[in-house]
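We have chain U already, so just place chains G and Y on it with the hints.
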Amino acid sequence: MRLALTFIPLLVLFFLVSCEREQRNFRAAPPAARSESLTQSQIQPGQAYTPPQTKNPTEYKAYELSQGKQLYEQYNCSGCHFHGGGGIGPPLMDAKWIYGGDPQNVFQTVIEGRPNGMPSFRGKIPDAQVWQIVAYVRSMSGQVPKDASPGRSDSMNTRSEPEQLVEPTVTKQAGQPPSTVQSK
Amino acid sequence: MSASIKSLIKGWLSASTATLCLMLAGCTGPSTQSSVDPMGPQARHLSRLWWFFCYSLSAIFVIVVIVLLLSTYKGWRESRRALEDEHDEERPLIVPEPERERSMKRVVLGATLLTGLMLFVYLIMSFITGRAISSPLHAENVLTIEVKGHQWWWEARYSDPTPSRIFTTANEIHIPVGRPVMLKMTSTDVIHSFWVPNLMGKKDLIPGKDTTLMFQADRPGVYRGQCAEYCGLQHAHMAFIVVAESEEQFAAWREAQINPALEPQSDSEKRGQQVFLSSPCIMCHTVRGTQAGSLIGPDLTHVGSRQTIAAATLPNTRGHLSGWIVDSQSVKPGNRMPPNSLNPEDLQALLDYLQSLK
Amino acid sequence: MSKTKEENVGVVREMRPRSEIDESSERQELERTWRAIPGLWGWLSNTNHKDIAMRYIVTAFIFFLLGGLEAALMRLQLSKPENTLLGPDLYNQIFTTHGTTMMFLFAVPILEGIGLYFVPMMVGTRNVSFPRLNAFGYYCYLLGGLFLYAGFLLNVGPDTGWFSYVPLAGPEFSPGKRVDIWAQMITFTEISALVGAVVIITTIFKQRVPGMSLNRLPLFVWSELVTSFMIIFAMPAVMMGSGMLAMDRLVSTHFFNPAEGGDAILYQHIFWFFGHPEVYIIFIPATGFVSTIIATFTRRETFGYLALVLSLIAVGFIGFGLWVHHMFATPLPQLGQSFFTGASMMIAIPNGVQIFCWLATLWGGKVNLKTPLLFVLGFVFIFVLGGLSGIVLASVPTDLQVHDTYFVVAHFHYVLIGGAVFPLFGALYYWFPKWTGRMMSEHLGKLNFWLLFAGFNLTFFPMHQLGLRGMPRRVYTYLPEMNWASFNLVATIGAGVMFLSVLTFLINVWVSRRSGAVAGANPWNAATLEWATESPAPAYNFIHPPAVNGRYPLWTRTAETPVVTGLSAERREVLLTSVVDALPQQRHELHGHSIWPLVTSFAVGVTLIFGIFTPWAYPVGSALMLLALYGWFWPKEGPKQYGTKEEQKLFFKHQTELSLRGQDPI
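Chains as they are written, first to last, in our numbering: chain U, 1 to 184; chain G, 1001 to 1358; chain Y, 2001 to 2666.
Next comes chain U alone, as it looks inside the complex (with noise of 0.2 Å):
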């Protein structure tokens, strides 16, 4: 009876402990005509100042890294980035950001585009899918928490259509014209 009562307390305290890295919202709000924009140039007058650090909480969570690494592939990512080893786009598991890493840097890549081959994905891919994409990337280099980060691929074996990745054999670096690769 005592230890029931010492446990009881715990038990609540769990409760009002909500676990975030284990949520799944479904519906997330449709998607905004608009997105922010946040600027990141070298070039500034007057002092330097440091741009803002964003977080996008998507990261944080299992489920929604989950879904970013399956849209990664079907949304054809890994057509030009790969597996993070770059092909035809710029590698994504390292640490160069040539547009910068930050979560909203990342998110502004696939929404606007960006020169010399990234598409814009504004109005094809909804921003919530867009935020989990994000969110995998970043992943690729070790940058969400490791307990949320998603888990091995069971991948290349159930395809619709057949079909072999092969390993690039030029790394490209970006602003470069890209070369044809062979990807079949």
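One thing to keep in mind: the hints can contain errors.
[Stated by the list, open to error] To spell it out: a stretch of chain G is covered by chain Y in this simulated footprint if at least three of its residues, at any positions, have a beta carbon under 8 Å from a beta carbon of chain Y; those stretches are:
id, segment
1, 1096-1110
2, 1123-1133
3, 1200-1209
4, 1228-1235
Because the hints were derived from the structure by calculation, they are not lab data. Each residue gets a CB set at the ideal place from its N, CA and C atoms; glycine is no exception.
Okay, now just chains G and Y, sitting in the frame of chain U:
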């Protein structure tokens, strides 16, 4: 009779009446997605075996319950009798009458042998039925369909020796009546199970493996099936329909499906096609004959001709379709299709276009 | 109780003058040696089998109530089509937790707990062979259960079903830590079950009272023996399966990943190799309850002792050869599947033999219709119905129609609730006087039974129809046009009646504890040894364990039946006897209070719980476990001396010349 025996018998009677009523309530008329309403030879074999089991096992059950009640009653009567013979009542019986024990031993032995015999009969019947349902494997004119399970919809691919006559559809399978159909199945993600009870038993779709299922429909009709292996959030809403029709109707349907999408005719339909091609729709869906070629979601080339949408969750009407497009998460929370906000004119145009894709 | 002082069976008495021995001082000494230390420390370091077993029983019953609440929520959600009480995510967590709770946290622990309580008493000893190991098992179980429920309350409860198939439960389709919590909880409860099994086997084999040769073992003890062996062979399989799943998820192994040479069906094989014996692990102790209750309430020996024992052993063996019948819808070869059809039907033979023997006992006995026997009668009705629907599932063709539908749900609830929960309630009514010294109310008991019987059939019988009419399992809702709504509503109403029944039981326990009729040592005039001592039993069980001269000791003993005397009252001492014939061999001292089982279980807990977050938990946790085991095994004192060397020789000489008096052949 003592109060306790009376209440015992009363209790049993009321419980058994209730049970019987429920049993009989199951014997209503024909229905879809029911294994006791067979529409093909395989399902008929299975149904026959089921009814054989049901009746014989029920008979066995009734016998066991009668023996149970009789033994209890007899034992209860023994204890009443022993009460009158006072000094007998408390003494437990540890060396019972050898004569009676021997006869009970014979009865138990007999019952055991009878059980073994019945089980053997069941085993043989089970083998015979198992052979019967796999016999169409050797037929000549088998129609082969490739089925892929996705979380939470069904992809069906009708192959053909001529590559241009191959087409893919989703959640609605048409088959000709009277011809054996073989499904070659696999899964793209987790384990699903293809089950159309009116026609055949189920078979799992397992990633990394190919499984096959053979069945045949003998009567035209629309038979609903449902995924029968827990596959995640929307397992409850992963259904499909099998439309069995005459050979001519099937051939006509097949020809229509092979054709690429019909060109939009009216202005509204044309606008709808524009909306389709510039919205998130194009990221996941294929409409053959347009630029939309993604394989993530169901093929929509002939979506207007289907009877249901969302894996047989909603009827394919304008209202349901618009609700599905705008907020699929309220119908199937957790499914892969995100909500899409479109302005009203765009939505109406899109609906016109999609409904024209017959 | 009759006993005699002039026969010392097998034990040289302490070297004290006979005139100084009197029972009251021995009783006082025993009480002092065996009593539980009061306070929290005493509670946490208690190793008495009755206290540990009662904790198992109470904890498991609380989990039963929690599992029942989950079931109630499920039934409420399914009572009407397209209901919005529970969304899919919450429903999936609830049905998974319901199944996991009932199978891992309720059924096996409560049946093992009742076994741990009564097996030592029925074999006439004072405690189990390894008291501290016993306590360790309980703490592991408690930690595992709390871990699972903490997860459930934190939205990180498992949601992939109680058997958690891959690839759904794999790293790609089950993100987060939900399935990892499930996998580790399995490890906790299986450690607990294995430990309990080991303890029961050694107690049964080595600590029986003289005269209780194996052919005189009570049927309940036989059932616990067979169950324990089954646990030892089956549990490692699920620990392996859940361990491989955890490794696939956490450290990128590919056991079940077809892309890298693994196989999704491998998981099913490993799991069901455990899963099928698991249900017999649950059913067989219940058959022990039934045999015991039937013997007591028909006032005769259970008919067909040899047949019953052989059936138990047969079920134990055959039960390991059935597992593929859970996998008939997978692409395994048809011929192979047919073997499992044969085996699944074959197991009906030993089960049938048991039923026939029990019916024969009723037929040939003097029936005393009290609540425990009512539950046994209900068991026969419900279990036989469930077993017969099992024939439909055993046959591959019909199984292909009803697999993974509500027909299966109906079947397993009939065999599990009918086959285990009904006998369990009967056992609770039967043994309540022994635990508390008071009788439970017969009126409330009968009400309890009829509500449970009616409610159960109302809930689960319509599910047979639902399955045949196409309703699959594990669906959080269904469409209105499927015509399943009326059956589902009836099932929900039945669930409400079952809820009332369990409430009646709880009220009965509450009322009877306070004001039930006082029970003596043996209110049912039963035959087994636990009734040979007071109710509730003293901590040392028997002041002098009575030797037995038959299968029904309390019915066959006379004034001359010997008792075991001379066991030291100054330390916790038990008598060890030989395995087959229970000839006395030696005395053995058992450990008393110890905090090390708790500490070790914490070390295990730290390893397993933190192991899902970081692999470093394993080396650190192993070091902690090592430290805890150091404390556990640290020797306390030197070996015991039983008199001088000469006296010891005499002691052993007595053993070989010993013969037991007053033995009636059975």
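Cross-check of the supplied hints:
Counting residues of the segment 1096-1110 of chain G whose C-beta lies closer than 8 Å to any C-beta of chain Y gives 7; at least three are required, and the coverage claim holds. With a cut-off of 8 Å between beta carbons, the segment 1123-1133 of chain G has 7 residues touching chain Y; three or more are needed, and the interface restraint holds. With 9 residues carrying a beta carbon less than 8 Å from a beta carbon of chain Y, the segment 1200-1209 of chain G meets the three-residue requirement, and the given coverage holds. Requiring three or more residues with a Cβ within less than 8 Å of a Cβ of chain Y, the coverage given for the segment 1228-1235 of chain G holds, as 8 such residues are present.
Hint compliance for this structure: every hint is met.
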